[in-house]
Structures are given as C-alpha cells and as structure tokens.
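Q: Full structure from sequences and hints, please.
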Amino acid sequence: MKSLKLLISIFLVCPLFAVAQTVEVKSLQKVDLPQPAFHPVLTDGGSKMLTTAADYSGLQEVDLSTGKITVISKEEKAGYNLQSSKDKKIREKIQAQPVYAVSENLKISIYGKGGKRVLTPNGDDCRYIWPSVSPDGTKLLYTVSGKGTYVCGIDGSNPVALGILRAPEWVDNEWVVGMNNVSTNRIVKSSVDIVKADGSCRQTLTPESIVATYPSAAGSRVAFCTESGDVYVMEISINK
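Everything in the sequence shown is counted per UniProt numbering, starting at 1 for the first residue and increasing by one.
By construction, these hints were calculated from the structure, which means they are not laboratory data. Keep in mind it's a predicted model, so treat the numbers as computed, not measured. Backbone N, C-alpha and C define an ideal beta-carbon position, used for all residues, glycine too. Mixed in with the good hints there might be a few duds.
Here are the simulated DSBU-like cross-link-like pairs (lysine-lysine), alpha carbons at most 30 Å apart as the crow flies [unchecked claim]:
hint : residue 1 : residue 2
1    : 77        : 107
2    : 240       : 26
3    : 196       : 107
4    : 196       : 147
5    : 240       : 48
6    : 48        : 26
7    : 77        : 147
8    : 189       : 48
9    : 189       : 26
10   : 48        : 74
11   : 26        : 196
12   : 68        : 26
13   : 30        : 107
14   : 147       : 189
15   : 48        : 113
16   : 30        : 48
17   : 147       : 107
18   : 30        : 74
19   : 30        : 77
20   : 77        : 189
21   : 77        : 116
22   : 77        : 48
23   : 196       : 116
24   : 48        : 196
25   : 240       : 30
26   : 189       : 30
Restraint ranges, calculated between C-beta atoms of paired labels, are given here [what the hints assert, rightly or not]:
hint : residue 1 : residue 2 : range
27   : 34        : 115       : 39 to 47 Å
28   : 220       : 80        : 26 to 34 Å
29   : 63        : 228       : 19 to 27 Å
30   : 27        : 135       : 20 to 28 Å
31   : 44        : 237       : 14 to 22 Å
A: Right, here's the structure in full:
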C-alpha cells in the first residue's frame, strides 16, 4: 500500500474574518492517494476516512495516521449512501446509533427505539434530501430541493433556514458544514462553508483556488474532494 503523505499544508488567512474569526482553519492538507477518490467520509473521530469512485463503485478505508488503505468492497455503488451499504460493518455502525434519519420517497424517515416516524417539516409538497440527526439526537439537519438547507427539532418543529448548503454534515451539536456551489453542466465554483445551526453565523473554510465539494466532518477535521478526485483534510478550531 502506498503510504499516506501530506503533500501540502496551507495555513489560510482570510481578510474577511481577520477581525472576528469564529472558526479557525489550522491547516489544509492534500492526501496522497494511489488513484482519484471521491465522496470522503470521516470515521473513528476523524482518524480514518472512507472514499469511493466518482460513480460510487468500490469502497476503501484510509488510515490517516499510517496511510494504510483497506479495500472494504469492490461492488458497484458500494460507496453510494453508506446508510444502505451492503457492507455489514458499515451498516451495523449506522443502525447502532440511537436515532438516525434517511430520505425515503423524498420525505424524512426517523428511525429509533420507538420505530419509524415520517417528517415533512416544510410541508408535504417539498422534496427532502440529505437528512441527518445531530450527535445529541435533539436536532435534524436536511435540505429541501430548490429552497435550501434547514435545521429543526427532532420532532420536525421550528425549522431554521441556513441558505444554500448542499450535502450538509454535522460538525458538532451547534455547527454544520456543506458545500456552496455554482454549477451548470459541471461544478465551476464551490466552497466548503460552516454554519451555526441557529443560522446566526456563516463562514467559508476553503480558498477560492480549490473547487471544494462533498465535505465530511468528524472531531476537529473536515474532509472534502474536488471534481478531479483530489481529497483534502483540514483541521479546524471553533472559538466558543
């Protein structure tokens, strides 16, 4: 296996947030992988990362400390929606969570000890994608197609608009990340933004020189990929 190398370490300085920077990017590192990789998912507190191909075929795990790469699956679509992955190890991790959310029939399904609940916080006529539950199980993050991303109570109450934030992920119980992209036939401009769950603060984490897509957060790390299959991992610090 090709060892993991940190090819670059960029300390970002953004004049826009120089006066009152709520979230600090400690470093931005490009991960050296043997082939293009996409849709990274950080696991084990950010020490490991799952990646797949552009068409979601195959699934591999990268140990970010040692560089060891383990092939989990070579199946087609193995990397698509890990919550429904055929891989037993990944599926059991998801189902072990006390409460989790999935998009079914373009509505939000919440699964927990009490069974299944179907939620439509913004109305039955909306199309709901990318739902997820906050780590403490009290809030729900989701996107309404054509409208934007929202956070509401776990019962669907009091939705708060966060604006354009595609493929959103929880960072902790108070912050989420996602991509803010402009696209035609292909993504031409995209940044990874971090937003407070109550909508009170928003900050761009990535430089304009990188077309950053599909972020994943765990611990103090945020990973993302580019359209060409480069994968980056950044270390962030939230000033509370």
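Q: Does each hint hold? Answer for all of them.
A: Evaluated hints:
{"no.": "1", "hint": "77 with 107", "result": "holds (22 Å)"}
{"no.": "2", "hint": "240 with 26", "result": "holds (16 Å)"}
{"no.": "3", "hint": "196 with 107", "result": "holds (24 Å)"}
{"no.": "4", "hint": "196 with 147", "result": "holds (18 Å)"}
{"no.": "5", "hint": "240 with 48", "result": "holds (26 Å)"}
{"no.": "6", "hint": "48 with 26", "result": "holds (19 Å)"}
{"no.": "7", "hint": "77 with 147", "result": "holds (28 Å)"}
{"no.": "8", "hint": "189 with 48", "result": "holds (27 Å)"}
{"no.": "9", "hint": "189 with 26", "result": "holds (23 Å)"}
{"no.": "10", "hint": "48 with 74", "result": "holds (19 Å)"}
{"no.": "11", "hint": "26 with 196", "result": "holds (19 Å)"}
{"no.": "12", "hint": "68 with 26", "result": "holds (24 Å)"}
{"no.": "13", "hint": "30 with 107", "result": "violated (36 Å)"}
{"no.": "14", "hint": "147 with 189", "result": "holds (19 Å)"}
{"no.": "15", "hint": "48 with 113", "result": "holds (29 Å)"}
{"no.": "16", "hint": "30 with 48", "result": "holds (15 Å)"}
{"no.": "17", "hint": "147 with 107", "result": "holds (15 Å)"}
{"no.": "18", "hint": "30 with 74", "result": "holds (24 Å)"}
{"no.": "19", "hint": "30 with 77", "result": "holds (25 Å)"}
{"no.": "20", "hint": "77 with 189", "result": "holds (26 Å)"}
{"no.": "21", "hint": "77 with 116", "result": "holds (26 Å)"}
{"no.": "22", "hint": "77 with 48", "result": "holds (21 Å)"}
{"no.": "23", "hint": "196 with 116", "result": "holds (28 Å)"}
{"no.": "24", "hint": "48 with 196", "result": "holds (25 Å)"}
{"no.": "25", "hint": "240 with 30", "result": "holds (27 Å)"}
{"no.": "26", "hint": "189 with 30", "result": "holds (19 Å)"}
{"no.": "27", "hint": "34 with 115: 39 to 47 Å", "result": "holds (44 Å)"}
{"no.": "28", "hint": "220 with 80: 26 to 34 Å", "result": "holds (27 Å)"}
{"no.": "29", "hint": "63 with 228: 19 to 27 Å", "result": "holds (23 Å)"}
{"no.": "30", "hint": "27 with 135: 20 to 28 Å", "result": "holds (24 Å)"}
{"no.": "31", "hint": "44 with 237: 14 to 22 Å", "result": "holds (20 Å)"}
When held up to the earlier numbered hints, the structure conflicts with hint 13 and nothing else.
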